[in-house]
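Q: Sequence:
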Amino acid sequence: MKTLQFEVDGQYISRKDNLVPVAKCRNLYKAHFEFLSPEWEGTKTAIFSQRSYSKAQVLDEKNECAIPWEFFDTDIDIRGTVSVFCGDLVTTNNAYVSIEKTGYKDSDASVPPTSDVYQQILERLDQVSGLTPEDLAKAVEEYLAKNPIELTPIDKTLTKEGQASDAKATGDRLKEKIDKNQGAENNGKILGIGADGMVALVEKPSGGGDGIPIINTMSGASPLVVTDSAERVNKGMSIIGNTVQKQDPPPSPSNPQEIKNVGKWNEETQKYEVDVMVTNAEQDWDKEQSLTITSDRPITKWDKLVEQDGQIGWLYKAVFDSDVRPSRMDLFPSGFGLYKDHLNGVFTYKAGFAKKEIGWQTSICKQFKNVDGSYSKGGLFYYSDQPSIDTVYFNSNIATLESFVKWMEENPLEMVYKSRESEFIPLQQSEQDAIRALTTYYPTTVVTVDGGEVIPSVELTYTADTKNYIDGKIASYHAMAQANQIAMMSLLPDETQATMIEKDQENLLGGI
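Letter by letter, the sequence shown follows residues -11 to 500 of my numbering.
Errors might be hidden in some of the hints.
What the hints assert, rightly or not - In the SDA-like style, the derived pairs of lysine to any residue whose C-alpha atoms are separated by at most 20 angstroms in a straight line are:
(1) Lys93 x Asp61
(2) Lys248 x Glu402
(3) Lys12 x Ser37
(4) Lys394 x Thr282
(5) Lys343 x Met317
(6) Lys354 x Glu397
(7) Lys4 x Glu409
(8) Lys252 x Lys275
(9) Lys50 x Met468
(10) Lys455 x His466
(11) Lys292 x Glu276
(12) Lys234 x Lys248
(13) Lys292 x Met206
Hints were generated in silico from the structure; no laboratory data involved.
Could you put the whole structure together from the sequences, leaning on the hints where they help?
A: In structure tokens form, the structure reads like this:
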């Protein structure tokens, strides 16, 4: 299944891919949303619209959903919109998806409509909480059979002394259980085949190899906190760059705003440096592992540390250019043209950008503010990329093409853009060896990446502690079930919610 990629930063959503779907397709595309800011908590819902049609889809725990087939149901070239919302009430603007006309002709076969948001929540809730009381009773019985509870004889005499004895015995057993640091006995163990032929926790084979470990991947902004790790050599680490630019006041030719990226400049080595530190949750610095990774250039939001063909290095996708002007035939082989007079003193000029990757927000300019669809908005010193063709638009207060080209030649723009080509540069061997030697801690590992003023993201592939991993999954499913219940309740009329709450209170009081 193909994936349309979206990035959500605050209330702004943008496309990250260049796919152009063809109309009339079904069950071919899904959408993935990457949320960069903390206000996006709880159940999230995407809205897919084109012309008069609109359909909502609830996102799963991976922030993904299938795109409803009705979104692609068109007989002409069209541009659909995608937005997302959550909570009470966080919303976004629209991201655009161009849909091309198909040569396929509809048959008379009817296709069931995509389920509405109510059905989706009910289906997801049923998937999460589908166990019957009989299933739960059986699971508890099997658990107790394998893990019998040894009881300390208790004085059953109904006296204050007996009650005190009971309480003390119970407290002693609880304290003993708590003091054992449950789960520590499984530290370093892996899933394997036991002597009875069943899957069980076993010691790591002395001859090497991982047996059947649980390998998990977690990513997020630094510092990354992993709460279910085993004490093992990590399986892989990636660092994702980042780019920021001051937007208040916004960039303009008279007030250019600096573009900042990950990486601390070292004047002595003439390198950009990124420091990596791995610690346990208690921040015991005597266990601390640290290293420095170097780069010949700043690390933008389009660059990433990866492992490729057995080597670890930077996969660069960004180009820094401080000489962007109309006469650059390598950038603008078709020249510039006047696109629109907005009748408010703003004029939009366009040009094909030969080297930049197609898509919204695939470039940043020091003198113009990147605003999706600037060619239709008319804001002064806005500019935008085009999501489906290699065109860039600049809004200026210069009224003629000749004057604009002359001004831009005399005032070249400074830009960073996502290139159509990528370049892989391996790290020094000592840096690669240091990364491969990093280990994780039981049960919590903290990975901190220091790239200077701009905070990068980090992705860690590691061996998970079996018990903590499973406990975490159960907790996340339980939380998702609760969130879905709350979301489903919030969609009901206020009168219905009030009646349900009143009935719950009556049942509770009736049982006291």
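Q: All the hints need checking, so say for each whether the structure fits it.
A: Taking the hints in turn, this is what the structure says about them:
no.: 1; hint: Lys93 x Asp61; verdict: 11 angstroms, holds
no.: 2; hint: Lys248 x Glu402; verdict: 13 angstroms, holds
no.: 3; hint: Lys12 x Ser37; verdict: 15 angstroms, holds
no.: 4; hint: Lys394 x Thr282; verdict: 40 angstroms, violated
no.: 5; hint: Lys343 x Met317; verdict: 11 angstroms, holds
no.: 6; hint: Lys354 x Glu397; verdict: 16 angstroms, holds
no.: 7; hint: Lys4 x Glu409; verdict: 16 angstroms, holds
no.: 8; hint: Lys252 x Lys275; verdict: 25 angstroms, violated
no.: 9; hint: Lys50 x Met468; verdict: 12 angstroms, holds
no.: 10; hint: Lys455 x His466; verdict: 17 angstroms, holds
no.: 11; hint: Lys292 x Glu276; verdict: 24 angstroms, violated
no.: 12; hint: Lys234 x Lys248; verdict: 9 angstroms, holds
no.: 13; hint: Lys292 x Met206; verdict: 16 angstroms, holds
Violation of the numbered hints given earlier is confined to hints 4, 8, 11; the remaining hints are satisfied by the structure.
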